[in-house]
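Undergrad: Given chain X, work out where chain G with the ligands should sit, using these hints.
Protein sequence lines correspond, in order, to chains X and G.
Note that my numbering has the first sequence beginning at 379, numbered continuously upward.
Note that my numbering has the second sequence beginning at 432, numbered continuously upward.
By construction, these hints were calculated from the structure, which means they are not laboratory data.
There may be inaccurate statements among the hints.
[What the hints assert, rightly or not] Away from chain G, derived, C-beta distances all over 10 Å, residues of chain X:
hint : residue
1    : 417
2    : 456
3    : 491
4    : 492
5    : 515
6    : 545
7    : 557
8    : 725
9    : 768
[As the list claims (entries may be wrong)] Within a straight-line C-alpha distance of at most 25 Å, the following computed SDA-like cross-link-like pairs (lysine to any residue) qualify:
hint : chain 1 : residue 1 : chain 2 : residue 2
10   : G       : 836       : X       : 524
11   : G       : 603       : X       : 460
12   : X       : 453       : G       : 816
13   : G       : 603       : G       : 540
[Said to hold, decoys possible] Listed next, with one range per pair, are the computed distances between beta-carbon atoms:
hint : chain 1 : residue 1 : chain 2 : residue 2 : range
14   : G       : 590       : X       : 682       : 40 to 48 Å
15   : X       : 738       : G       : 570       : 25 to 33 Å
16   : X       : 663       : G       : 597       : 46 to 54 Å
17   : G       : 781       : X       : 637       : 38 to 46 Å
18   : X       : 644       : G       : 590       : 20 to 28 Å
19   : X       : 402       : G       : 582       : 46 to 54 Å
Cβ coordinates follow ideal geometry from the N, Cα and C atoms, glycine included.
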Amino acid sequence: MAGRVSEDPGLTALVARADSLFRDQALATVREWKARTGGLAVGFLPIYVPRELLHAQGILPVGLMGGRPDLEIIKGDAYYQSYICHLPRSTIELGLNGTYAALDGVLFPSICDVIRNLSGIWQMLFPKVLVHYLDVPQNFEPAVGGAFYRRDLESLARALEAKGARPLTDESLCHSIALYNEDRRLVRELYALRRREPWKVPTHELYVVLRAALLLPVEESTPLFAEYLALVSADESRRPQDQARVLVAGSFCEQPPLALIKTLERSGCYIVEDDFVQVHRFIRSDIPAGGDPMERLVTALLTDAVASPTRYIGNGVKGEDLEQRLAGSGAEGVLFCAPSFCDPALLDQPMAVRAAERAGVPWTAFKYAENSGQFQVIREQAGTFADSIKLWSGA
Amino acid sequence: MSPTVATASPAQKDGSQIRQKEMIARHFDRLAAAAETGAKCAYTFVPGNLTELLLSFDVLPVLPEINALQSAMRGKTAEYIAAAEKLGHSEDVCTYVKSDIGMMKSGNVGPTGLLLLSYTGCFTFMKWFELLREEYHCPVAMLHVPYQADGRITDTMRTYVVDQLKTAVIPKLEEVTGRKYDEDRLRALLARSAQAEDNLVWVLQSAKNIPSPIDAYFGAVYYVGPIFSAFRGTTDAVDYYRELREEIAGRIRDGKGPVTPDGDMERERFRIVVEGPPNWTNFRQFWKMLADEGAVAVASTYSKVGGVYDLGFRHDPDHPLETLAEYCLGCYTNLSLPTRIDLLTRYVSEYRADGFLINSVKSCNSFSAGQLHILREVEARSGRPGAFIETDLVDPRYFSAANIKNRLESYFQMLEQKRIGASS
Ligand code: SF4
Ligand code: SF4
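Here chain G stands alone, though its shape is the one from the complex:
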């Protein structure tokens, strides 16, 4: 979620980025020392991550999706994917999984702690952890989060998740750590989460300004990093999002556009909403293709994969397990197609976007299956044209730069002509 690799972060560093890098460095130090310190780790997923619950047990979260995207940014995933495919993993399946498996087969340490299978919004998660369990014989706690097929969370769904927290997840954490569930500590963590979430939402909604001070897709993967990964509920996260908000407020005061790989965007020409995960192998190149056109993402759905906060949800310390259930049920990949279409249409209007871009990722049926229908529906409802490109997450074979560049260039030309036509 948060590509913390120096080469990938924007040209100049804001205070919040330095703070985030330090937070992540400290977290990796704790992970590296876990064997000696006896700290327990839990492998889990960004969507539906129960970070506060893990931290209340002093369990360190490890997020294999983030390992995979970071490997992609370091140019390692072609090799990892090839290794996994050699072991019989099909070329048709998710490249996060193959990158993770290939990484471990290339001499990296496999998971040692608990596999917390937060089964939210993606079928592949179940197979991913079954594969890891078979290989590394780790204990697994399964949390099945039912799908919002009808666009709402029912009592039956919430009760089911809470019951599993009580009867499956918490007992497994108690067993793995030898400690008792501490609800007061969990409440304290959840209260801090809500504070950080308020500031994150402020930052994301700052893109309603013209010009937008942030890029809500490429830039947002840095901003959501702490809250989507190991830090939601920590004082570090509270401080990070307070500092980030102050920085963005400063950019608005100065009338600055967003940070881009080549420094601040001089002139915002096009405001777009983006649907779908980014490509990580050519992340900077992909970002530059838009930034060079003066195109800024003002809202994105990928920045909601680890939780949808801008529709009002906040973690509620007064109902700890219910709020964790509500959070899991509300992640973007757990939303129905009609709900996703409503949200995208709303973003196009509320953020005064000129159009929207769907980056359809080959690996991910959860996002991709139905995106062509989303394209047509959002165009019809918003009256704004959509662009549709196809890439992959971490398999460099599926990022055809020339093709994507051509498509984006012709799309922005079309937007420009529409604008000229409208003003003449």
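One chain only, chain X, in its complex shape:
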């Protein structure tokens, strides 16, 4: 990551390490972990999977988020028409070029029809790899959707065991839940610090740390978050600037290039709320300890998950979550920032726009692809937007 990070060498070193993990598209870290531990590594696509379950069976959960702009797509384009988002193409490329050879399984959460159909293609292209489609319930009654989700997780645990993972026990699951509670708590703390003092936690830096954590066992990601939180909290060399506080919405699956995030920040925006790398925050608070840990894991999804566009809002009001996040973050504007052809984000956007308008917050919208290289239009759009916010908030 070019440019001066901080005057603190410790922070500079940490960010450099996170950046190298973020750029580790060949999953070297995962291979080393497997060689060291003899355990299985199981990839998962966005948005969320219960990593506690994998960890409790001695598995390394590996967050897969498509390819970066420098990934050359050779075979992946032969699988998708022009009007389908880019993520499945780069994912197939990374599968076919051997990058994901270290993965013993891949989980496909039910977030859209593209990921859904990709699970079928993966079964055919990689018959030796365990493929599991995690059909996250859209019924949130414990005895109905909860029971269905629990049976699905139990069948996943059996399949992983048959693949060579440790059997799932209540004891190991309790332990894993505790570890991930701490991991999530630290991410919540980082997001809280960024809301309070966004200059201390530049988003393009936080983003790299969040992405790095997707390749690490929780025993290593937690100390990474803790150290990063301590270093940025203490770093007085980072001073407030006159930037507009914005919430970025719509980037929960195919990821914006890092350069786009930097472009937004350089155009005068403090990103104070976002849905990047949402697995770290999909469950919004601690999963309670004790009792039946599987039931706790299921209940957490039913009752304490993010109101993502991929999740049916049965009883609540569509957009209420966005209004709360706007109020909670003090964002002065919304950047709707969605991948081209992304059904969940783009179908949801008209309702999210209404929520922003109900909250009286200005918004602007643009689309990207994970391999976009040109941000001139976005730079001008975001810059004008930030200027208008600062003008009005200053008035």
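TA: Just chain G with the ligands now, kept in the frame of chain X:
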């Protein structure tokens, strides 16, 4: 599903078409009179439609996908889509949704009754009804139908759907109608469904004849109309499919080819299997592009979107909720990619097809995401060449007639040359 517009139906009318038109006219009359009669309506989707359950409550089904395709055939969707895009709906999303939203914004009545969100085989359904609910504040009943990712229906999946019928859908219908669930009435409806399904399957499988008496893609959208929409379980549907079967049997006796926009097909030159929804804005033109080449669709997957009956499933009145669950879980768009490839390969062989056509529709990730892989796999397994064209459902901007015509012409030329090569 069933384009009932006169200009769109084939040149001459069979008895069954007249009957279908009357059935649909009566249904629209009932819908139009609902405000006065107090009849309840339910907006729902073709895949996973619970028509028998709705009819057992005297609730009238309304199918927005059919509204959208009919608007396309009337040339209205360009205007409706533009209206929706002006309201902020992205040009990248499904045009059924934008057409429905644009239609309502153009002075048409929005949904008044229940939104029965049968969430089967398409992510967009959830957003579509969330959008309608936000606009029209209608009650919604959500039925989440899990995906056959591993190519089979498990007890866990069936139980989950049945539990939702019992705890979410039926209670909401009781609440909206003020009536109690009547299982005996539902059983009677389901028994009639099975009768109609037997005859529908006979009709669809009649395409195994050479020449095929039917077109199993363009023609089939008329044949599946009643069973995919508001009539499955009615005596009307039973009568319709009995009459249709008799007519098709007559065509076989007379050695007739299928009905086409320009009358009966004289000579069947190419038998093809078709995957993917049709284009509705240029439906007749698209049909003619194939019929003019003597190409007849002998099987299609789109005619299975509202239910796959030709693999043996029938509604079972003895297990009413389980059979409705099984039906929802089995719709074509809920099948895994490997299963879809197996089915297409089987159709190519069983219907003695010369090749297959994939009409990849821009709007529909449920169908389209993975069709290029389907193309290669079915070619490899069937040994028959596939054609791949790209259109859209109801957005006329995405039907480039000249381009599609060229592709089809060169494809059929290639099939002809293959045939000559094989016989020399
Ligand atoms: S970017 Fe959107 S459409 Fe594409 S795979 Fe992700 S959620 Fe699905
Ligand atoms: S066309 Fe495809 S994406 Fe649109 S509603 Fe139908 S199944 Fe869903």
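Undergrad: Determine for every hint whether it applies to the structure shown.
TA: So, going through the hints one by one against the coordinates:
no. : hint                       : result
1   : 417                        : holds, 25 Å
2   : 456                        : violated, 6 Å
3   : 491                        : violated, 4 Å
4   : 492                        : violated, 4 Å
5   : 515                        : violated, 6 Å
6   : 545                        : holds, 20 Å
7   : 557                        : holds, 29 Å
8   : 725                        : violated, 4 Å
9   : 768                        : holds, 25 Å
10  : 836/G to 524/X             : violated, 51 Å
11  : 603/G to 460/X             : violated, 41 Å
12  : 453/X to 816/G             : holds, 21 Å
13  : 603/G to 540/G             : holds, 23 Å
14  : 590/G to 682/X: 40 to 48 Å : violated, 25 Å
15  : 738/X to 570/G: 25 to 33 Å : holds, 29 Å
16  : 663/X to 597/G: 46 to 54 Å : violated, 32 Å
17  : 781/G to 637/X: 38 to 46 Å : violated, 53 Å
18  : 644/X to 590/G: 20 to 28 Å : violated, 54 Å
19  : 402/X to 582/G: 46 to 54 Å : violated, 35 Å
Comparing the model with each earlier hint shows violations of hints 2, 3, 4, 5, 8, 10, 11, 14, 16, 17, 18 and 19; every other hint is respected.
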